[in-house]
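> Going down the list, the protein sequences come from chains L and D.
One point on numbering: in our numbering, the residue at position 51 of the first sequence is 376, and numbering is uninterrupted.
One point on numbering: in our numbering, the residue at position 77 of the second sequence is 83, and numbering is uninterrupted.
Hints are not guaranteed to be accurate.
Unchecked claim - Away from chain L, derived, C-beta distances all over 12 Å, residues of chain D:
1. 27
2. 42
3. 68
4. 70
5. 99
6. 103
7. 104
8. 108
9. 114
10. 122
11. 142
12. 148
13. 152
14. 164
15. 168
16. 170
Stated by the list, open to error - Which residues of chain L face chain D? A few of them, derived with a C-beta cut under 7 Å, are:
17. 397
18. 426
19. 463
20. 465
As the list claims (entries may be wrong) - Computed beta-carbon distance windows for the label pairs:
21. 119(D) x 363(L): 41 to 51 Å
22. 348(L) x 139(D): 45 to 55 Å
23. 340(L) x 48(D): 30 to 40 Å
24. 106(D) x 421(L): 12 to 22 Å
25. 344(L) x 53(D): 40 to 50 Å
26. 421(L) x 125(D): 43 to 53 Å
27. 48(D) x 429(L): 32 to 42 Å
Keep in mind the hints are simulated off the structure, nothing from the lab.
Where a beta carbon is used, it is the ideal one built from N, C-alpha and C, also for glycine.
Listed here are the chains, written in short residue letters.
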Amino acid sequence: MSRKHEKGMSLIVKTITRFTVGLILLYGIYILSHGHISPGGGFAGGVIVALSFIHLMLAYGKETALKKLPKNVASFFESSGAILFLGIALLGFTGGYFFLNFLSKGQPFRLFSAGIIPLCNIAISFKVGAGLFTIFVALVLLTFEIGKKK
Amino acid sequence: MELYILLGFMILGAIIAIEIKDLLSSVVAVGAVGLGLSIMFLILKAPDVAITQLVVEILALIILVRATLKKDLPFSASGRWFFNTIITICFVALFLIVGMKCFKDLPGFGYPIMRISSVYLKDGLSQTGAANTVASVILDYRAYDTLGEATVLFTAVIGVLAIVRRIGRKKQGKTIGEDDE
Chain L
326 MSRKHEKGMS LIVKTITRFT VGLILLYGIY ILSHGHISPG GGFAGGVIVA LSFIHLMLAY
386 GKETALKKLP KNVASFFESS GAILFLGIAL LGFTGGYFFL NFLSKGQPFR LFSAGIIPLC
446 NIAISFKVGA GLFTIFVALV LLTFEIGKKK
Chain D
7 MELYILLGFM ILGAIIAIEI KDLLSSVVAV GAVGLGLSIM FLILKAPDVA ITQLVVEILA
67 LIILVRATLK KDLPFSASGR WFFNTIITIC FVALFLIVGM KCFKDLPGFG YPIMRISSVY
127 LKDGLSQTGA ANTVASVILD YRAYDTLGEA TVLFTAVIGV LAIVRRIGRK KQGKTIGEDD
187 E
């Protein structure tokens with residue numbers, strides 16, 4: 326379907342994408358940063374962030390999206406998210422045990438509250454977003470050329 | 007009442023997804039089932055699960071559409087339909103019987119056993135400071151589960167990248183490369 330235009334889809338799709346992709350990214354960041362006071366959380370926010378990059382990739386083709394988020398940067402974010410999550414968990418040993426909520430709880434219903442929970446949300450969203458984007462790139466760009474043998 | 011309508015809609019969508027021949031239509035039917043499940047979670051007042059279900063469904067749908075379109079996937083329609091049908095019916099009957107025996111011991115729908123949950127609901131806000139009780143459960147009380155889930159996802163990404171990588175895969179006349187699109 327996209328052979329004719331060489332890169333991505335038609336002009337209408339590209340224009341709409343230019344308007345919406347930033348909003349989708351912002352909504353993902355909102356979901357993940359407010360995970361401790363409203364529904365959502367690190368997993369859903371990370372998936373929405375990954376979906377914004379996938380949206381860009383579907384509309385504009387592989388090069389534009391991979392210029393915004395190259396593969397090695399995505400893999401760096403995924404690994405750093407895992408390390409960050411484990412590091413937060415290990416920092417709990419300063420107060421006693423694994424996954425101790427060692428920061429101050431703060432005032433409920435504020436953005437900076439609930440101790441380590443927002444930090445864990447951010448770490449998980451890094452991991453999930455970069456990981457799912459990497460899976461998408463790997464699965465979609467792969468072509469099996471077995472059928473051409475016939 | 008809405009739940010039963012949605013349940014019928016989802017069962018219909020699942021049957022269509024299995025029976026239809028076109029791959030793209032089958033993927034769209036699977037997406038309809040997932041959206042119905044998301045609305046069902048929303049009716050049952052579980053917005054966290056509904057959001058996660060919705061976004062993961064969309065992601066899986068995009069991957070399935072892009073992976074099934076334009077690809078010459080092998081379609082197996084073996085001739086052993088009689089044997090396969092017998093095996094399927096036997097296993098479905100087995101699962102139904104075991105499921106009926108198991109569900110008899112579960113608490114009724116809408117009447118859960120509030121042994122640990124009541125503690126979470128009562129002390130969650132004061133102990134963790136998180137207004138969202140689900141976040142306080144998954145990232146504070148049960149953070150080990152989240153760590154395991156993160157490990158599962160990490161392993162899945164590593165597995166996918168190890169299986170579909172290009173290096174060392176040009177064997178047996180099968181060429182696998184990246185699409186120049």
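> Work down the list of hints and note, for each, if the structure agrees.
Evaluation of the provided hints:
1. 27: At about 18 Å from chain L, residue 27(D) clears the 12 Å cut-off, so the statement holds.
2. 42: The claim holds: residue 42(D) sits with its nearest Cβ about 19 Å from chain L, beyond 12 Å.
3. 68: Residue 68(D) is in fact no farther than 12 Å from some Cβ atom of chain L, at 6 Å.
4. 70: Non-interface label on residue 70(D) violated, nearest chain L Cβ at 10 Å vs cutoff 12 Å.
5. 99: holds, 36 Å
6. 103: At roughly 36 Å from the nearest Cβ of chain L, residue 103(D) sits farther out than 12 Å, so the non-interface label holds.
7. 104: Non-interface label on residue 104(D) holds, nearest chain L Cβ at 31 Å vs cutoff 12 Å.
8. 108: holds, 29 Å
9. 114: Its Cβ never comes within 12 Å of chain L, the nearest being 26 Å, so this holds.
10. 122: holds, 17 Å
11. 142: violated, 7 Å
12. 148: The assertion about residue 148(D) is violated, with a minimum of 9 Å to chain L.
13. 152: Contrary to the label, residue 152(D) does not stay out of reach of chain L, its closest Cβ about 7 Å off (not over 12 Å).
14. 164: For residue 164(D), whose nearest Cβ neighbour in chain L is about 9 Å away, the distance does not exceed 12 Å, so it is violated.
15. 168: Violated, because the least Cβ-Cβ distance between residue 168(D) and chain L comes to about 10 Å, which does not exceed 12 Å.
16. 170: violated, 5 Å
17. 397: violated, 12 Å
18. 426: Hint holds; residue 426(L) Cβ to chain D Cβ min 6 Å, cut 7 Å.
19. 463: holds, 5 Å
20. 465: At about 5 Å, which falls below the 7 Å cut-off, the nearest Cβ of chain D leaves the hint on residue 465(L) intact, so it holds.
21. 119(D) x 363(L): 41 to 51 Å: Violated, at about 28 Å.
22. 348(L) x 139(D): 45 to 55 Å: violated, 29 Å
23. 340(L) x 48(D): 30 to 40 Å: holds, 32 Å
24. 106(D) x 421(L): 12 to 22 Å: For residue 106(D) and residue 421(L) the Cβ distance comes to about 46 Å; the hint is violated.
25. 344(L) x 53(D): 40 to 50 Å: violated, 27 Å
26. 421(L) x 125(D): 43 to 53 Å: About 20 Å separates the Cβ atoms of residue 421(L) and residue 125(D), which means 43 to 53 Å is violated.
27. 48(D) x 429(L): 32 to 42 Å: Hint holds: Cβ distance 34 Å, inside 32 to 42 Å.
Checked against the numbered hints above, the structure breaks hints 3, 4, 11, 12, 13, 14, 15, 16, 17, 21, 22, 24, 25, 26 and satisfies the rest.
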